[in-house]
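Chains as they are written, first to last, in our numbering: chain A, 1 to 217; chain B, 1 to 202.
Hint data in this document are derived by calculation from the structure and do not stem from the laboratory. Incorrect hints may have been included.
[Said to hold, decoys possible] The calculated DMTMM-like cross-link candidates involving lysine to aspartate or glutamate, where the alpha carbons are at most 25 angstroms apart (straight line), are:
{"id": "1", "chain 1": "A", "residue 1": "2", "chain 2": "B", "residue 2": "17"}
{"id": "2", "chain 1": "B", "residue 1": "43", "chain 2": "B", "residue 2": "77"}
{"id": "3", "chain 1": "A", "residue 1": "2", "chain 2": "A", "residue 2": "15"}
{"id": "4", "chain 1": "A", "residue 1": "40", "chain 2": "A", "residue 2": "15"}
{"id": "5", "chain 1": "A", "residue 1": "40", "chain 2": "A", "residue 2": "68"}
{"id": "6", "chain 1": "B", "residue 1": "43", "chain 2": "A", "residue 2": "15"}
{"id": "7", "chain 1": "B", "residue 1": "43", "chain 2": "B", "residue 2": "199"}
{"id": "8", "chain 1": "A", "residue 1": "40", "chain 2": "A", "residue 2": "139"}
{"id": "9", "chain 1": "A", "residue 1": "40", "chain 2": "B", "residue 2": "17"}
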Amino acid sequence: MKWVSAADCGLALCEVCGRVENAAEHACCSRCHAPLHRRKPRSIERSWALLLAAYVLYLPANLLPIMETRSLFGVQRDTILSGVAFLWNSGSWALALIVFVASVVVPLLKLLSLSLILVSVQQRNVQARQCARLYRLLEVIGRWSMLDVYVVAVLVALVQAQSLATIAAGPGVLAFGAVVVLSMMATMAFDPRLIWDAASTHEPVEMNRESKRTTKT
Amino acid sequence: MSARLTVCHECDALLQEVPQAEGGGNAICPRCGAGLYRLGPDKLQVLLALSLSALILLLLSNLFPVVGLNIQGHQVETTVFGAAGQLWRDDMPVVAGLLLATTVLIPLIEMLALAWMLLPLCLGRRPPAFVLLFRGLRLAQPWAMVEVFILGVLVSLVKLSHLADVLPGTAIWCFGALMLVLAVLSSLLDHRVLWRAWEAAR
């Protein structure tokens with residue numbers, strides 16, 4: 001199927017309010033005054049920069065302790081993986097699985113799949129539908145990696161001097177939070193329209209068609 | 001340009017707009033499958049009611065303790081602010097800020113902005129600073145993580161349950177309700193609804 005892109009017709013979609021404007025006539029949206037771009041400026045460079053920073057921090061996030069438990073028996077330092085192992089051994093295997101997926105698998109898969117999208121867009125060798133679906137998935141699941149930061153925050157607040165043990169946040173939390181924020185920012189910096197630009201360079205042009213209507217069931 | 005044309009925000013395909021019909025459903029881009037906009041009548045009043053109840057729930061969930069611990073008769077409780085304060089004292093100001101921002105500040109700003117915009121729009125007037133608030137709303141949206149926070153609280157409850165008796169606080173129920181309200185709100189809220197109302201108002 002062939003599609004006309006708005007950029008080919010000199011049109012630009014306002015990223016803030018969704019108004020369709022003539023890109024040649026307006027530098028800013030006439031309704032909400034946001035600057036108009038046909039594509040997000042420097043999208044690939046910014047996305048790569050944020051992504052590389054996230055890769056760098058992924059190591060300390062998983063290797064440094066996220067939590068330090070001090071008790072009469074000494075200091076115990078927990079990394080993310082040892083936290084998962086603890087949950088698994090104590091019998092809550094469902095929860096262990098959720099934490100493992102949310103804080104180990106998802107961040108790594110996010111970084112890898114965004115790299116895959118970026119590389120294939122740059123190589124102009126794109127399976128557009130799959131890439132678009134992957135990108136949408138990234139936007140949805142990104143936030144769930146924040147889980148471990150919240151767990152540490154609650155534990156730290158509850159287990160304090162009154163009890164036999166105290167829990168303090170370790171440096172891993174900072175790195176982990178940074179990985180989550182940076183990879184979310186990298187996903188936002190990327191412009192998904194580039195996927196379709198890369199895929200349609202050899203596609204001839206046909207007139208637009210009506211958008212499909214689907215009804216919720 | 002003609003009002004009948006629309007552009008997919010994910011693949012830039014030029015499309016003809018589906019007329020706003022009765023009943024629900026979403027328009028989906030036929031090229032890339034991205035959700036484009038909601039179909040059906042605008043429900044400004046419903047949106048306003050939801051955003052006001054979200055504000056009330058947000059207030060309650062920050063006033064009351066989220067979880068408590070009973071360690072040998074000694075009771076400890078914490079609110080979101082308490083947790084952030086403890087992180088701050090532990091020399092983790094960035095993490096404390098991240099916690100406060102994603103669970104309190106950003107949802108609060110989002111709901112205040114929404115209520116501020118919807119109240120005059122329901123009365124057929126254009127709210128002051130609409131454009132500014134709308135842009136703020138778009139920026140804030142991905143960073144509100146109430147539902148992730150709830151899961152985090154549940155995980156930490158399980159982790160502590162071997163240490164002491166855990167007592168789910170009032171706020172965890174408020175957070176749960178807030179999560180539901182926010183989910184309904186985001187499924188109903190379409191940016192086109194706000195702009196349509198803005199253009200119709202004076």
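Exercise. Which of the numbered hints above does this structure break?
Worked result: 2 and 5
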